[in-house]
Amino acid sequence: MSTHSFFRPPRPATWLLEMFAPYDQAESVLGDLHEEFSTLAFQHGPRAAHRWYWRQALKSVAKLAFVSLRTSPLSVTGAVIVGFVLLSFVPWLPEHAQFAILHLIRNHVTPYHADWYSYVFWINTSILAGQLLFCLFIGFLVGLLAKGSEIASTVLLSLLLILVTGVMLSAAHFVSPNLHPALLEVQLFMIDYPIMLILGGGIVRDIRLTRARKHSQA
Amino acid sequence: MSSSFLYNVYLMPSHDFLGEFEHIVLLALLRLGDNAYGVTVRREIESRIDRDVSIGAIYATLDRLQAKGYVTSYLGDPTPERGGRSKRFFRVSSKGILAIQRTLKAFQSMTVGVRSLERYCT
Numbered sequence: 001m002s003t004h005s006f007f008r009p010p011r012p013a014t015w016l017l018e019m020f021a022p023y024d025q026a027e028s029v030l031g032d033l034h035e036e037f038s039t040l041a042f043q044h045g046p047r048a049a050h051r052w053y054w055r056q057a058l059k060s061v062a063k064l065a066f067v068s069l070r071t072s073p074l075s076v077t078g079a080v081i082v083g084f085v086l087l088s089f090v091p092w093l094p095e096h097a098q099f100a101i102l103h104l105i106r107n108h109v110t111p112y113h114a115d116w117y118s119y120v121f122w123i124n125t126s127i128l129a130g131q132l133l134f135c136l137f138i139g140f141l142v143g144l145l146a147k148g149s150e151i152a153s154t155v156l157l158s159l160l161l162i163l164v165t166g167v168m169l170s171a172a173h174f175v176s177p178n179l180h181p182a183l184l185e186v187q188l189f190m191i192d193y194p195i196m197l198i199l200g201g202g203i204v205r206d207i208r209l210t211r212a213r214k215h216s217q218a
Numbered sequence: 001m002s003s004s005f006l007y008n009v010y011l012m013p014s015h016d017f018l019g020e021f022e023h024i025v026l027l028a029l030l031r032l033g034d035n036a037y038g039v040t041v042r043r044e045i046e047s048r049i050d051r052d053v054s055i056g057a058i059y060a061t062l063d064r065l066q067a068k069g070y071v072t073s074y075l076g077d078p079t080p081e082r083g084g085r086s087k088r089f090f091r092v093s094s095k096g097i098l099a100i101q102r103t104l105k106a107f108q109s110m111t112v113g114v115r116s117l118e119r120y121c122t
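Chains A and B, in that order, give the protein sequences.
Each residue of the first sequence is one higher than the one before, starting from 1 at the first, in the numbering used here.
Each residue of the second sequence is one higher than the one before, starting from 1 at the first, in the numbering used here.
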């Protein structure tokens, strides 16, 4: 067995680079890293090669993400604007839908009078789940619109969301310092929303990469 | 108006001088000739000026230089030591050579007569 097939670069680092690199550069970037990894693994051992590969991947991700944003500024800007507008629906659209469903169940499917606690539980859980799913959908849509920079544009949208929410929270805290418990809840959402947005973009990127691989193999 | 047009306008330099790293990368490409691709460019820079650069930084710079028309590229054949992936070879265009000359000339013009620098240069 040759050394090249024996030593394999760490998959998560390769995946990370695949997610952020522009489509036309991904193959050559990963090929270059693979080539140097094989040489290093043969000369200094797989552990040193793994460390080197991870360091290269982490140092390269931001640069490659910036390249992919720079190459398609119009589609990225459009996608981020659409995503940001849609995000303003997150606090109330899923909530209305959940209430409508629960209302239907309560009045037409399973009439209940005593099970108040389960009703409250489903209201709380389903609203949160609905909001997260809606964020995932927005991330998916932004990824579809920003072809070639799916992850970079959803990361950009997430940073914008964090910035705007942070400014609003600071302003609210400045105006009324007694709002702490409610603000804490909003801060928790600040962590969840960006994760779901990036996940949505990642799903689109993964589907497109798989398609591109199948296409090149064929 | 296409996005590539906007990209080129964004990258179009107000004066045609190269940045420090752009200059280094272009000189590395010239030194390597027909064997200039990511790995060799990175190693050349590392061995000549002892600067540890990431492959991402090299590709970001090459992408910028290509958009400015200073560099051209083509894909080679896939090889097993690269996990079946192809190499992208780079070449400096005539426009790129002019840019290198212009930047070198500007440096030389600025250096001549500066005594504190001449002491280190000789």
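Any given hint could turn out to be false.
DSSO-like, lysine-lysine: derived pairs with alpha carbons at most 27 Å apart [to be verified]:
no. : chain 1 : residue 1 : chain 2 : residue 2
1   : B       : Lys105    : B       : Lys68
2   : A       : Lys147    : A       : Lys214
3   : B       : Lys95     : A       : Lys214
4   : B       : Lys95     : A       : Lys63
5   : B       : Lys105    : B       : Lys95
6   : A       : Lys147    : B       : Lys105
7   : A       : Lys59     : A       : Lys147
8   : B       : Lys68     : B       : Lys95
9   : B       : Lys105    : A       : Lys59
10  : A       : Lys147    : A       : Lys63
Keep in mind the hints are simulated off the structure, nothing from the lab.
Evaluated hints:
1. Using a Cα cut-off of 27 Å, the hinted pair Lys105/B and Lys68/B holds, with the two alpha carbons roughly 20 Å apart.
2. With a C-alpha separation of about 18 Å, the suggested pair Lys147/A and Lys214/A falls inside the 27 Å cut-off, and the hint holds.
3. At most 27 Å may separate the alpha-carbon atoms for a hinted pair to count; Lys95/B and Lys214/A exceed this at roughly 38 Å.
4. Distance restraint check for Lys95/B and Lys63/A: the Cα-Cα separation of roughly 25 Å lies within the 27 Å cut-off, and the hinted pair is therefore satisfied.
5. Note on Lys105/B and Lys95/B: the hinted pairing holds, with a Cα-Cα distance of about 15 Å set against a maximum of 27 Å.
6. A distance of roughly 42 Å separates the Cα atoms of Lys147/A and Lys105/B; the hinted pair therefore is violated under the 27 Å criterion.
7. For the suggested pair Lys59/A and Lys147/A, the alpha carbons sit about 23 Å apart, so the restraint of at most 27 Å is met.
8. Between Lys68/B and Lys95/B the alpha-carbon distance is near 9 Å, which keeps this suggested pair within the 27 Å criterion.
9. Note on Lys105/B and Lys59/A: the hinted pairing is violated, with a Cα-Cα distance of about 33 Å set against a maximum of 27 Å.
10. At most 27 Å may separate the alpha-carbon atoms for a hinted pair to count; Lys147/A and Lys63/A meet this at roughly 18 Å.
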